[in-house]
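From first to last, the protein sequence lines are chains U and L. Numbering of the first sequence is given in full-length UniProt numbering, commencing with residue 1 and proceeding in unit increments. Numbering of the second sequence is given in full-length UniProt numbering, commencing with residue 1 and proceeding in unit increments.
No wet-lab data here; the hints were simulated from the structure. Mixed in with the good hints there might be a few duds.
[Unchecked claim] Examples of chain L residues lying across from chain U (beta carbon under 7 Å, computed):
hint: 1; residue: LEU21
hint: 2; residue: PHE23
hint: 3; residue: VAL123
hint: 4; residue: SER133
hint: 5; residue: LEU135
hint: 6; residue: ASN209
hint: 7; residue: LEU253
From a predicted model like this one, the values you see are computed outputs, not experimental measurements. Every residue gets a Cβ at the ideal spot worked out from N, C-alpha and C, and that includes glycine.
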Amino acid sequence: MPTRRRGRPRAGTALWFWVFVGPFFAGLVLFIYVPIGWSVYLSFFEAYNTVTPTEFVGLANYRDMLGDRAFRESLLTFVVFAAFIVPTTFALSLLTAVLVARTRVMQAFFRSVFFLPVACSYVVAALIWKMSIFSGMRSGVANAALGLVGVDPIPWLSLTDPPWYWLVIVSARLWLQVGFYMILFLAALQRIPTVLYEAAAIDGAEGWQVFRHITWPQLLPASTAVLLLLLINAFQAFDEFYNILSSFGSYPPYARPPLVYLYYTALGSGQNFGDGSAGAVILTLMIAVVALLQTRVLRLGGRD
Amino acid sequence: MLHERRRYAVFRWVLLLAGTLLFLLPFALLLRGALSTEADLSSARWHWLPPTWEWGNLAEVFDNRTVPMGRALLNSTLIAVSQTVGVLVLSGMAGYGLARIPYRWSNVVFWLITVTLLIPAAVTFVPSFVLVSSLGWISTLRGLIVPGLFQALATFLFRQFFLSFPKEIEEAAALDGLSWWGTFWRVVVPNSTGFAAAIGTITFIGSWNAFLWPLVIGRTPDSWTVQVALSTYLTAQTSQISLLFAAALVAILPLLLMFLVLQRWIVQGVERTGISD
C-alpha cells in the first residue's frame, strides 16, 4: 500500500497496524491455516479414531478416496444436484427481481415476502418439507393436493425410482435461497442507468427486446457472481440432505453429496480422519478449480 | 401498445401474487403444525387451520423432556450474540487497520485474509474438528463460539467500507491529537453504525442458523444449539410432530422478529456483499 502523507506523521504505525489487525489475523491463522495445514499433513497418515497421525501411508488415503465408489458417487450426486439447483435458482431469482423491480405499488411488501425465508434455517425448512409438505402420508400437502385430482399418495422420500426425493431437496433449497439472490439482482438492476432505458424507448424497443439488449448485458457481472456463489453453495450442501433424508441415525446410500459423505467418513462410526482429510483436500482443490474455470469462462463471455 | 402494456402488468401481478402465496405457505404450515393437536395433524382430512387450537404446545416446548428447547435456546443465544459482537469488534478493527494504517506488509496480510474466502468454510470442518478436538474443546461453548469469530468476509467488507469513509473527518481528529486508537473508537465507529448493523444482523442470522459446525462440536445434549436439538428429534422420527413444529416456531421467532425490525439493514448488508460490481 502506498504510504501517502496524511496531515501529520504518526509514530509507530507498524505497531498500531498489528494492534488493529493482529487479533483477527492471529485467529485466522490459528483456526483456518493451522487446521488446513494439519489436515493436509494428516491426509498422508493413518488416523483411525484419533486425530494424531499413526502411520505414514503416502498417497494411500487419496487412492482410497478416489478409488471408493461411494465417494465418486457422491461427486455424481453433487453434479445432479448442481444441475437442478443452479439454473433454477438463477432463473427464479432473476425473474422475481425483474418482477419486483417493475412494481411500484407494494414493492417493499413483495421484496420482504421473497426475502423472508432467508431468515429461516435449513433445519426448520427440512422439518416443514419432510413432515408437512412431502410427508408420505395422505395428509401431507403435496399428497392432499394430488388426492384432489385422484392421484394416489406418493412416498416422496423412500422412493428411488422415480427419484422424487430430488423434488423435495431442490424445492426446499429454492425456497430458502431465491430471496437472497433476488436481492443481489435487484441491487444490480437498480444500478442500471435510466438513460439506457430512455434511449431504448426512443428507439421503440419494448418488453423482451429491452431485457435482451439493455437489462441482460448490464446484469452480466452480477450474473457471474451469482453463478459462482450458487455453485460453491451447492458444493457445500449438507443441512437439508442430512435432515430430510436421514432417520434413526442412518442415511440412505443414494443421494449423499460430498459433504454428507465426508461427515460420515470422518465423524461416523469409522472415525477415519486420514481418509476424511484426504477427501477434504480433494474437495477443496475441486472447488478451487471449478471456481477458477468459471470466472475465466464467464469473464471471456462477458467481454470485460 | 398501451393495451399490451396493461396485459403485461396483469400478468406480472398474477405471478407476484402466486409467488407470494407459495413463499408464505411453508410459514403457514409451520404455524398450523405448531398450534394443532397431534391427532388433528395426522388425520387423513386436510385442514388449513387447526380444528382445535392447541396453544399449550408452545408452553410445553419449554418443559417437555422429548424436546428440551430451553437449554438449546440459551446456547444459541449465547453463541449468536457473542459471535456477532466478536465479529464486529475483530473484523471492524482489522478492516480499519487494513484500510487506513500504512504498513509495509499490509498487502501481504490482506492477501492472506482474502485468499481464505476462496476456501469454502464447510469443507474445512474436518480439519477444524481436528484442531478443536486437540484443544479439548469438543462439546463446549468455547468450541462452538471461538472458531466462528474470525470471518474473513466481514473483515474484507469492513475494509472496503472504511476505504470509502470520508478521510477529512479522520484528518480533523488527527489534528486534534487523537491516536489511531482514539480516532477509530471516537470518530470512525460512531459514524459506522449503519454498516456495522448490516454486518451484525447477517452474522447473527448465520450464527443462529448454523448447523454443520454445532452438529460436529455439540456432542452432548447440554451443548446442543436450537438447530441441532431440532435436527436430533427430526431425524429420530419423534412421535410428537406437533411439538416439533412448536419447537421450530420458537426457534425461528427471534429471527423473524429481528428480521421485521431490521429488514432495511439486512437487505443493505446483502447488497453490500458487493459481489455485483
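We went through each hint and held it up to the structure:
1. LEU21: Given a least distance of 9 Å, the restraint on L:LEU21 is violated.
2. PHE23: Because about 5 Å separates L:PHE23 from the closest Cβ in chain U, which is inside the 7 Å limit, the hint holds.
3. VAL123: holds (5 Å)
4. SER133: Since the shortest Cβ distance to chain U is 6 Å, the answer is holds.
5. LEU135: L:LEU135 check fails; min Cβ-Cβ to chain U is 10 Å, beyond 7 Å.
6. ASN209: holds (4 Å)
7. LEU253: violated (10 Å)
The structure shown violates the earlier hints numbered 1, 5, 7.
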